[in-house]
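A.B. asks: With the hints as extra help, turn the sequences into a complete structure.
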Amino acid sequence: LPLPQTEWPSSLLSTAGQMAEPASKKARTADLAALHGFKYQKPKLIAEIGCNHKGELEIAKELLTLCKEAGATVGKFQKRTPKELLTPEQYNAPHPNPENSYGATYGEHREFLELSVEDHKVLQDHCKSIGLEYSCSVWDTTSAKEIVSLNPTLIKVGSPSNQHWELQKVLRDEYTGEVHISTGMTTKEEIEKIVTFWEQGKGDAKNRVVLYNCTSGYPVPFEDVCLLDIRILQQKYAHRVKAIGFSGHHLGIAIDVAAYALGAEWVERHFTKDRTWKGTDHAASLEPAGLSKLMRDLEATHTALTYKAEDILDLEKAQRAKLKWGQYNKDILDKAKK
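First residue of the sequence shown? That's 402 in our numbering, and the numbers climb one at a time after it.
Since the hints were made in silico from the structure, they are not lab data. Some hints could be false.
[Unchecked claim] Ranges between beta-carbon positions, derived for each pair:
| # | residue 1 | residue 2 | range |
| --- | --- | --- | --- |
| 1 | Lys440 | Pro495 | 46 to 56 Å |
| 2 | Pro499 | Leu458 | 44 to 54 Å |
| 3 | Tyr729 | Thr704 | 29 to 39 Å |
| 4 | Gly504 | Gly618 | 18 to 28 Å |
| 5 | Asp605 | Val523 | 24 to 34 Å |
[Unchecked claim] List of simulated lysine-lysine pairs, DSS-like, C-alpha gap at most 27 Å:
| # | residue 1 | residue 2 |
| --- | --- | --- |
| 6 | Lys643 | Lys594 |
| 7 | Lys637 | Lys570 |
| 8 | Lys462 | Lys637 |
| 9 | Lys594 | Lys637 |
Using N, Cα and C, we set each Cβ at its ideal position, and we do this for glycine too.
C.D. replies: Have a look at this one:
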């Protein structure tokens, strides 16, 4: 979608010294053409379960079932190899929020929450049995190789890992599915590096990469969501990647609908059964009722995002005849003119 124009000169002079077409008119024409050329796809909703399963496989399976019942397209987890991902100092340090820790150190906390690749296969099979797409975010090279071995339809690279080229090389060259990449805490120059990387080798960015607008915070206040960055991603990369998405860490569901209306085909939200559970992500997660309402609203918005087929729709014709000045009293007005 076109970028909003906040300030335009009223006119431009041509080289011949004659007044050219006003820039504002050119902008409106370009915006309208771009809007008519943009095709809204059906919204796709990722329920980011992450580590909200508290390290328990049965809870993870239950969360998949709950998000499927709420209308999610994908149920997604996270995979880490803590000793590969963390420095020794990070691994042995206490958790920054001790009340949310599942171990004496941050490393032990992360180890406790990890599910094995065999567990992820069980979760993938459960997804198949209930008609839900399985996916996972990978944080390091070992995790990438493990999840690639399951060959899911899509794999996610979260904002912290989007400059991890060894990890992404595994996904680019040893896997053929979609790769969804978030851009939180990422400069515009780094985003360009990501897309360029995926245009090389076996990347096939145009058919494989989905680029997500994101702000990395838990939760993110509304003033820091920065939804209009979706338009920047659209303008710069819509012709270079498969789709644009939005990964939200805000409260409520209104922002996600706006993101979809701005052109985000994919919407990702953290998901839990109970926002009061122990852990850092639950507070910024949706519960089943919230996820269900979000999918309902996304689908309603998709249905509504059309143009009128004709100036007066069939459902308006009776109202026009009954209520519109110049229609219901046309005979009286015509007589008054004589």
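A.B. asks: Tell me the hint numbers this structure goes against, listed in increasing order.
C.D. replies: As far as the earlier hints go, 2 and 8 are violated by this structure, in ascending order.
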